[in-house]
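There are 2 protein chains.
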Amino acid sequence: MNADLTMDLVARVTNGDRRALARLISLIENGAPDARPALAALHRLGGHAHVIGVTGSPGAGKSTLVTQLARVLRQRCQRVAIIAVDPTSPFTGGAILGDRIRMQDLAGDSNVYIRSMASRGSVGGLASTTRDVARALDAAHFDQIIIETVGAGQAEVEIVRAAQSIVVVTVPGMGDDIQALKAGILEIADVFCVNKADRPGADQAAAELRILLSLDAQRGPNDWRPPIVKTVAMQGSGVAELVDALAEHLAFLRQTGQIVARGERQARSEIQALLYQELMRRVDTRVGPDRLAALIAEVAARGSDPYAATDEILRTIGLP
Amino acid sequence: MNADLTMDLVARVTNGDRRALARLISLIENGAPDARPALAALHRLGGHAHVIGVTGSPGAGKSTLVTQLARVLRQRCQRVAIIAVDPTSPFTGGAILGDRIRMQDLAGDSNVYIRSMASRGSVGGLASTTRDVARALDAAHFDQIIIETVGAGQAEVEIVRAAQSIVVVTVPGMGDDIQALKAGILEIADVFCVNKADRPGADQAAAELRILLSLDAQRGPNDWRPPIVKTVAMQGSGVAELVDALAEHLAFLRQTGQIVARGERQARSEIQALLYQELMRRVDTRVGPDRLAALIAEVAARGSDPYAATDEILRTIGLP
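Chain order of the listed sequences is A and B.
Using this note's numbering, the first residue of the first sequence is number 1, and each one after it goes up by one.
Using this note's numbering, the first residue of the second sequence is number 321, and each one after it goes up by one.
FYI, nobody ran anything at the bench for these hints, they're computed from the structure.
Certain hints may be false.
To be verified - Partner residues are not named here, just some residues of chain B that face chain A (Cβ under 10 Å, in silico):
#1 Pro357
#2 Gly366
#3 His370
#4 Ile508
#5 Ser557
#6 Ala560
#7 Gly583
#8 Arg585
#9 Ala617
Keep in mind it's a predicted model, so treat the numbers as computed, not measured.
Even for Gly, the Cβ is constructed at its ideal location relative to N, Cα and C.
Can you build the whole structure from these sequences, using the hints too?
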C-alpha cells in the first residue's frame, strides 16, 4: 500500500467510513506493516475516547455485562465500540456466538461497533493488536471503547492494560477465587463489579473485596479507591451505577493528571515492545534461523554458553 | 573481579566449597556483571542435575512437601538443593520462616543447600536469577535442584520453567481452582500432586484432574501423560511415590530425547532475555533516560507516535 492510499484510508476512517475502518482493522490483525503509517497518523489524531477494560473469572457474566454497558452508554448518546478478546483460543467461536446475541440488540446501530479477536500467536502480539485496534476506533470517533476478555489470567491482564479504566468482574461465592484475585488482578482494578448480585453471598463478596482493598498498602490516601458496584447484568440492574463509576474514574484521572502518567506508561511499554520486535526482526534477517538454531543447540549441549551466543548475535546484527 | 579471581571462584564452586558457592549466589542475586564469566564457565561444566520445579496454589502445603521430598532424596543418597522463590514479595519473610523449620531437620547436612529468594525487581529478572542460581548449584554437584514457588500465577510459571520436571500441587476441595489451573498451569505439569490427601474429596480431585488431562488435545499418544500422585506431606506418605514419578519423568525425557528439546527451549528463551537486556542497556547509555522520557511524553501527548519514537531510538543506538 503506498503512502497516498494509506492517507486516504486514514481520512476515510476519521470521516466515519465503516468499510475503511473494517479494512484497517483487518490490516492490523494480519500484522501488515502497511498499517503502520496509518496507525502512526491515527495515533496523533486520537486520544479522545475513554478506553475501558473488562476482565474477571470465566462465568462471571462479562459478555452480558458489556452488552448492558453498551446499551446504557447508547442511552447517554455515546458512540460505543466493543473489542472482545479471547487469548486462550485461536478460534473466535465463543466470542462470535456472544456477538450474534448482542447483534440482535445493537446491530444496525451505526454508533456501535463490535469486533471479536482471538489469539493467533503470542500474548504480546495479541495485546499490541488490541491496542492498535483501539487506536483505530478512537480515531474513528467512538467515545467509549470497551475491551472485554474471556478470563482473568496474566494474558488478560496484559491485554486490558491498554485501557484507562479497568473493571474486574466477580460473582458471589467465589471465596478462594477472591484470594486468587489478589495475585495480579487486585492491583489493576479501578472498579470492582460483583455481578449476579441477586445470588446469595453478594454482600459478603463485596465485604471481602472491601477488606482486601483496605489491606492494599500500595494505595496512598490520595489515590483512587476502587468502588465496588453490584450488578445483575441479565436484568440490567446496577449497570447505570457502573457507568457512573467509570465516568468518575475518568474524571479523577483527568483532575489529578494521572491520565498523563497512564498514557506515558502505555507509550513506554509500546515502545519497548516495538524495540524488541525490531531487534528480533534483525536477528531473523541477519543471523538467520539456521545459525540461531545452531547457536541454541550448542548452548543446550554445553559446548557454548548463553553469554557467548548472545555476544555473537549482537556482533552479527551490528550492536557490538 | 578480575579473570583470575573469577576462575578461582569457579574452581572452588566445582570443588564443593560452600563459601565460594554462597559468594557466587550473592553475586548473582545482586545482578553483578562480574558473575557472568563464572556463570558462562559453570554453564559449560554443568548439566548433570535434575532440576525440579514445584508450583501450586497458596496453602497447598508446597513447603512441607518440598522438605519431605528432600528427605526422601537424601535417603536415596542424592545431594539436594532447594531454591524457595517468592515473586509476590520483596521480602523473604515467609520463605525464611519455612527455612528455619526445615533447618532443624536438614541443617548441618553438607549434602543439602537451601536458599530463599524474593523479588527485587521484575519477574523476568527473578526468573533469570533463579536460572543462574540453579546453574551454580548444578556445577556444585547437587544431584537434585528443587525450585519451589509460593503461589501459582504467571510469575511462578515463568520461574519454574527453568526446571526439567514440573510438579503442580493441589489439594482436595478446590473445585473452582482446578478450573483456574486450566489457564496456564495444566500444560506445564509433568506430575500432579494432590497433597493433604487425607482430607475428604481427594479421590474426586484426582478424578477431576484425570478428566482434565484426558481432554487435553495438545498431548499426543506418544507424549508423557502426567501421573497424579496423592500425598500427605505432613506425614510423609506418598512422597516416595512422588520421587519415583519424577525419576520416571526424567528417564522418559532422556529416552525420547525430549530432554534436548527442553534444554534448547530454555537456551532460546535465555538468549532472547539477554538480547533484550543488552538492547535496553544500550538505550539507557546512548539515548539516556532524559531523552527517553521526553520521547515517551511526546508520544503520550500525541505530538509523536510510537513508531517514530522507536525509529529515533534505533538510529541513536546504531540499529538503522
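For this session: Please name the hints from earlier in the document that this structure breaks, with their numbers sorted from lowest to highest.
Result: 3, 4, 5, 6
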